[in-house]
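With the hints as constraints, model all of the structure from the sequences given.
Chains as they are written, first to last, in our numbering: chain A, 1 to 461; chain B, 1 to 162.
Hints should not be assumed to be uniformly reliable.
Said to hold, decoys possible - Which chain A residues stay away from chain B? Per the calculated CB distances, all over 10 Å, these: (1) Ile135; (2) Glu140; (3) Arg145; (4) Ser169; (5) Lys276; (6) Arg324; (7) Gly392; (8) Gln406; (9) Gly409; (10) Lys436; (11) Leu447.
As the list claims (entries may be wrong) - Straight line, CA to CA, 25 Å or less: simulated SDA-like cross-link-like pairs of lysine to any residue: (12) A/Lys442 x B/Lys101; (13) A/Lys426 x B/Glu100; (14) A/Lys423 x B/Pro39; (15) A/Lys438 x B/Ala35; (16) A/Lys442 x B/Gln36; (17) A/Lys98 x A/Ser150; (18) A/Lys442 x B/Ser78; (19) B/Lys50 x A/Gln441; (20) A/Lys453 x B/Lys47; (21) A/Lys389 x B/Lys34; (22) B/Lys34 x A/Ala285; (23) A/Lys426 x B/Lys131; (24) A/Lys426 x B/Pro53; (25) B/Lys98 x A/Gln441; (26) A/Lys426 x B/Ser78; (27) A/Lys423 x B/Ser56; (28) A/Lys342 x B/Lys122; (29) A/Lys438 x B/Pro39; (30) B/Lys47 x A/Glu421; (31) B/Lys122 x A/Tyr430; (32) A/Lys269 x B/Ser32; (33) B/Lys122 x A/Leu425; (34) B/Lys47 x A/Leu425; (35) A/Lys342 x B/Ala132; (36) A/Lys423 x A/Gln390; (37) A/Lys423 x B/Thr41; (38) A/Lys436 x B/Lys34; (39) A/Lys276 x A/Asn261; (40) A/Lys286 x B/Pro39.
Just so you know, these hints were derived from the structure itself, not from any lab. Beta carbons are placed, not taken as given, at the ideal position from N, Cα and C, and that holds for glycine.
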Amino acid sequence: MSLYHFGENRTEKRLTMQKNKTPIGYKTMNRRNFLQLSSVLALESILFGSSVHASSLSSDASAFHLVIIGGGIGGATAAKYMRLLNSEVKITVIEPNKEYMFCPGSNEILPGWATVKDQTVTYTTLKNRYKVNFIHTKAEHVNYRKKQVSLENDTVLSYDKLIVSPGVSFDYGAIEGYSRELAEKSFPSAWKLDAQTLLLKKQILSLPKGGRVIISVPKSPYRCPPAPYERATFIVHMLKESNPTAKVTILDANDDFVFDNVYPYYWEKHFNFGKKNASLERVAAKDGGTIVKLNAAKKVLINSEGKEFKGDVLNIIAPEKAARFAFDNDLTEGDWCPVNYKDFSSTKHKDVYVIGDAIISDPMPKTGYVAANQARVVVQAINDELHGKQIGTPFIVNDCIAMVEQDFGMTLSEIFRYNGENKPLKARDYIPGVDKQKFQQKMLGSLAEDWQKTFRQSIFS
Amino acid sequence: MKKKLFSIAVLSVSVFVTSVQAAENNKTFSISMKAQQGPMTLQENFKLAKQYPTPSGWLLANACSGCHGTNGASFNTSIPGIAGMNKSEFIAIMQAYKSEKPSKSTVMTIVAEPLSDQEIEKMADYFSKLKATEWKQKNWNEDVTVPLWGKQNGKKADHAEK
Numbered sequence: 001m002s003l004y005h006f007g008e009n010r011t012e013k014r015l016t017m018q019k020n021k022t023p024i025g026y027k028t029m030n031r032r033n034f035l036q037l038s039s040v041l042a043l044e045s046i047l048f049g050s051s052v053h054a055s056s057l058s059s060d061a062s063a064f065h066l067v068i069i070g071g072g073i074g075g076a077t078a079a080k081y082m083r084l085l086n087s088e089v090k091i092t093v094i095e096p097n098k099e100y101m102f103c104p105g106s107n108e109i110l111p112g113w114a115t116v117k118d119q120t121v122t123y124t125t126l127k128n129r130y131k132v133n134f135i136h137t138k139a140e141h142v143n144y145r146k147k148q149v150s151l152e153n154d155t156v157l158s159y160d161k162l163i164v165s166p167g168v169s170f171d172y173g174a175i176e177g178y179s180r181e182l183a184e185k186s187f188p189s190a191w192k193l194d195a196q197t198l199l200l201k202k203q204i205l206s207l208p209k210g211g212r213v214i215i216s217v218p219k220s221p222y223r224c225p226p227a228p229y230e231r232a233t234f235i236v237h238m239l240k241e242s243n244p245t246a247k248v249t250i251l252d253a254n255d256d257f258v259f260d261n262v263y264p265y266y267w268e269k270h271f272n273f274g275k276k277n278a279s280l281e282r283v284a285a286k287d288g289g290t291i292v293k294l295n296a297a298k299k300v301l302i303n304s305e306g307k308e309f310k311g312d313v314l315n316i317i318a319p320e321k322a323a324r325f326a327f328d329n330d331l332t333e334g335d336w337c338p339v340n341y342k343d344f345s346s347t348k349h350k351d352v353y354v355i356g357d358a359i360i361s362d363p364m365p366k367t368g369y370v371a372a373n374q375a376r377v378v379v380q381a382i383n384d385e386l387h388g389k390q391i392g393t394p395f396i397v398n399d400c401i402a403m404v405e406q407d408f409g410m411t412l413s414e415i416f417r418y419n420g421e422n423k424p425l426k427a428r429d430y431i432p433g434v435d436k437q438k439f440q441q442k443m444l445g446s447l448a449e450d451w452q453k454t455f456r457q458s459i460f461s
Numbered sequence: 001m002k003k004k005l006f007s008i009a010v011l012s013v014s015v016f017v018t019s020v021q022a023a024e025n026n027k028t029f030s031i032s033m034k035a036q037q038g039p040m041t042l043q044e045n046f047k048l049a050k051q052y053p054t055p056s057g058w059l060l061a062n063a064c065s066g067c068h069g070t071n072g073a074s075f076n077t078s079i080p081g082i083a084g085m086n087k088s089e090f091i092a093i094m095q096a097y098k099s100e101k102p103s104k105s106t107v108m109t110i111v112a113e114p115l116s117d118q119e120i121e122k123m124a125d126y127f128s129k130l131k132a133t134e135w136k137q138k139n140w141n142e143d144v145t146v147p148l149w150g151k152q153n154g155k156k157a158d159h160a161e162k
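This is the structure in structure tokens:
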């Protein structure tokens, strides 16, 4: 009760102050005022969960400017949670798309449990409630010395801190004979939600009787490790009634996979996995599952020993590396971006942070859940630095509640701990395996559905 | 208040369910369904947690937000909100999960397992100071063109936030 009044009074005072005085930006106001203001506002938003009273300060030219490149899960989380910590800074997100196609859950589009519309989120709340500026264009070049980003629309933005959350690019050319054009026209990768996802769906639905769908899985790391196995399972479900003699083959460039203490059990029980008449089979790397070549004319995939696999639908999940923006702007080392794991600052350029699927993340998997937690570590570090505080210890978890199918859920939990300067984080994973009881499986299935909602809300609402 | 009771009810049901299913776990199957854990042992995990300063309450609490919502204040049928939960109740529940054998279907037993006592206390402290009010906003339905969980809530909500 008393806290409530405290917050309310302070807000009033602050609003009065804004009316009477010219707006003050971070650089011109004295540190004590700044600290008082922002901590009260942070407290207020914590206590009331109400809209943040972003003031004229955040559009003031002299305000501290956080620029975020990429409005995916990492970038959007960074924008929202920076605002929750600090109502004063100016936040700008550069993102070419006006809507975000949510990748987690998008495999459900194939069996029709979700639609593209279900997966589409707008930036309305981030803009209106959290007073985040969006520029819907591409970021092109960063001048690290001048601390400026130039955009495709010829604007140049100055930043105080820059967060880069660019995602991945697909290296179609890594498989001989494969290309972006072929992915878009004939052999979809469908590894982010776009037209390729719908092409894949269409191809599966028009599969000839007794036909074969091949899913080729690249070597780790790639975005969302369990998703190929989820997809394979969903596809068998799609075909079970309309095309019961159809077959799904997973050609896997890896030996082990996440949830391999769940999927094989389910497959054995429902898809005759491991038997001759199986509707789903998997070839691990050690058995020749690594695909190196495509013969597009014959619809044949060829492994490293020259063995051929013919399919009617080829879903070639292309190998990945950091998005092109990261390569063009000297943020990479090898295929990914190196960072300091205390605050995800780039090891290559000052006042720049890189998060999400584009970084050298091991042992963290490339998941949205992890990207969101990395974003929170970064914005806290930036806010701490702004307040002259020591940067805190990072804390990253990856919790996943996933659907094997609608009535069968599973879960895992991972924690990644700070292990000192210049060292990767250390992982503790727990993947409990299958619960044999049907009601438990069903309960986890519905939990998985709720989790998809809360996860989206935690970023976009 | 109602909300808090509800959360505890949900949490206790999950704890009960764990013990019911314990008997099932002893059976063996042709394919390994055993729990996988690693690469750190639990002891190494706790040692590392002790070695560096405990992360902030804000960071710890919002690491939960992917499931429990921003500030732990997303309310739905199967994942309880935790904003505003009494500090000692939160600690008691989390410690109960932590001492429980990790369960295949009670998510919180595996989530709580590697958390240090200090981390649990900091989370408890943080959540207890929040208001148990749902983190929602009027125009949420507009943000997701059609909500995943089915029907669209009729007309667009009044969206202006003044």
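Here is what the structure says about each hint:
1. At the 10 Å boundary, the C-beta of A/Ile135 stays outside the reach of chain B, the nearest C-beta of that chain being 19 Å off.
2. The claim that A/Glu140 lies off the interface holds: its Cβ sits roughly 29 Å from the closest Cβ of chain B, which is beyond the 10 Å cut-off.
3. Interface exclusion of A/Arg145 from chain B stands, the closest Cβ pair being 32 Å apart, more than 10 Å.
4. With a least CB separation of 25 Å from chain B, A/Ser169 remains clear of the 10 Å interface cut-off, as annotated.
5. Every CB of chain B is more than 10 Å from the CB of A/Lys276 (nearest about 16 Å), matching its label as outside the interface.
6. No beta-carbon of chain B comes within 10 Å of the beta-carbon of A/Arg324; the shortest separation is about 28 Å.
7. The beta carbon of A/Gly392 sits about 5 Å from the closest Cβ of chain B, which is not more than 10 Å, so the claim that it is off the interface is violated.
8. Its beta-carbon lying about 13 Å from the closest one in chain B, A/Gln406 satisfies the requirement of being farther than 10 Å from that chain.
9. At roughly 8 Å, the least C-beta separation between A/Gly409 and chain B is not larger than 10 Å, which violates its mark as non-interface.
10. Not every Cβ of chain B is farther than 10 Å from the Cβ of A/Lys436; the closest lies at roughly 5 Å, contradicting the non-interface assignment.
11. With a minimum CB-CB distance of about 5 Å to chain B, A/Leu447 fails to clear the 10 Å threshold, and the non-interface call is violated.
12. About 21 Å separates the Cα atoms of A/Lys442 and B/Lys101, which keeps this hinted pair within 25 Å; it holds.
13. Proposed proximity of A/Lys426 and B/Glu100 is supported: the alpha carbons are some 24 Å apart, at most 25 Å.
14. With a C-alpha separation of about 16 Å, the suggested pairing of A/Lys423 with B/Pro39 holds against the 25 Å cut-off.
15. At roughly 18 Å between alpha-carbon atoms, A/Lys438 and B/Ala35 fall within 25 Å of each other, so this suggested pair holds.
16. Restraint check for A/Lys442 and B/Gln36: the C-alpha separation of about 22 Å stays at or below 25 Å, so the hint holds.
17. Among the hinted pairs, A/Lys98 with A/Ser150 is consistent with the structure: their alpha-carbon atoms are about 19 Å apart, no more than 25 Å.
18. Restraint check for A/Lys442 and B/Ser78: satisfied, since their Cα atoms lie roughly 12 Å apart, inside the 25 Å limit.
19. Of the supplied pair hints, the one linking B/Lys50 and A/Gln441 is violated, its CA atoms being roughly 36 Å apart against a limit of 25 Å.
20. For the hint linking A/Lys453 to B/Lys47, the alpha-carbon distance of about 35 Å lies beyond 25 Å, and the restraint is violated.
21. At most 25 Å may separate the alpha-carbon atoms for a hinted pair to count; A/Lys389 and B/Lys34 exceed this at roughly 45 Å.
22. Simply put, B/Lys34 and A/Ala285 have alpha-carbon atoms about 22 Å apart, close enough for the 25 Å limit, and the pair holds.
23. Between A/Lys426 and B/Lys131, the direct Cα distance comes to roughly 34 Å. Violation of the 25 Å bound is thereby established for this hinted pair.
24. Between A/Lys426 and B/Pro53 the alpha-carbon distance is near 16 Å, which keeps this suggested pair within the 25 Å criterion.
25. Among the hinted pairs, B/Lys98 with A/Gln441 is consistent with the structure: their alpha-carbon atoms are about 22 Å apart, no more than 25 Å.
26. For the suggested pair A/Lys426 and B/Ser78, the alpha carbons sit about 31 Å apart, so the restraint of at most 25 Å is broken.
27. At roughly 21 Å between alpha-carbon atoms, A/Lys423 and B/Ser56 fall within 25 Å of each other, so this suggested pair holds.
28. Pair hint A/Lys342 plus B/Lys122 holds up; C-alpha atoms about 20 Å apart against a cutoff of 25 Å.
29. Restraint check: the Cα-Cα separation between A/Lys438 and B/Pro39 comes to about 30 Å, which exceeds 25 Å; the hinted pair is violated.
30. A threshold of 25 Å between alpha carbons decides the hint, and for B/Lys47 with A/Glu421 the separation of about 17 Å falls inside it, so the pair holds.
31. Of the pairs offered as hints, the one joining B/Lys122 and A/Tyr430 holds, with about 23 Å between alpha carbons and a cut-off of 25 Å not exceeded.
32. With a CA separation close to 13 Å, the supplied pair A/Lys269 and B/Ser32 stays within the 25 Å bound.
33. Between B/Lys122 and A/Leu425 the CA atoms are separated by roughly 21 Å; this keeps the pair inside 25 Å, and the hint holds.
34. This hinted pair checks out: B/Lys47 and A/Leu425 have alpha carbons roughly 14 Å apart, not beyond 25 Å.
35. Between A/Lys342 and B/Ala132 the CA atoms are separated by roughly 32 Å; this puts the pair beyond 25 Å, and the hint is violated.
36. For the hint pairing A/Lys423 with A/Gln390, the CA-to-CA distance comes to about 19 Å; that is within 25 Å, so the pair holds.
37. Of the supplied pair hints, the one linking A/Lys423 and B/Thr41 holds, its CA atoms being roughly 18 Å apart against a limit of 25 Å.
38. Of the pairs offered as hints, the one joining A/Lys436 and B/Lys34 holds, with about 12 Å between alpha carbons and a cut-off of 25 Å not exceeded.
39. A distance of roughly 22 Å separates the Cα atoms of A/Lys276 and A/Asn261; the hinted pair therefore holds under the 25 Å criterion.
40. Of the supplied pair hints, the one linking A/Lys286 and B/Pro39 holds, its CA atoms being roughly 22 Å apart against a limit of 25 Å.
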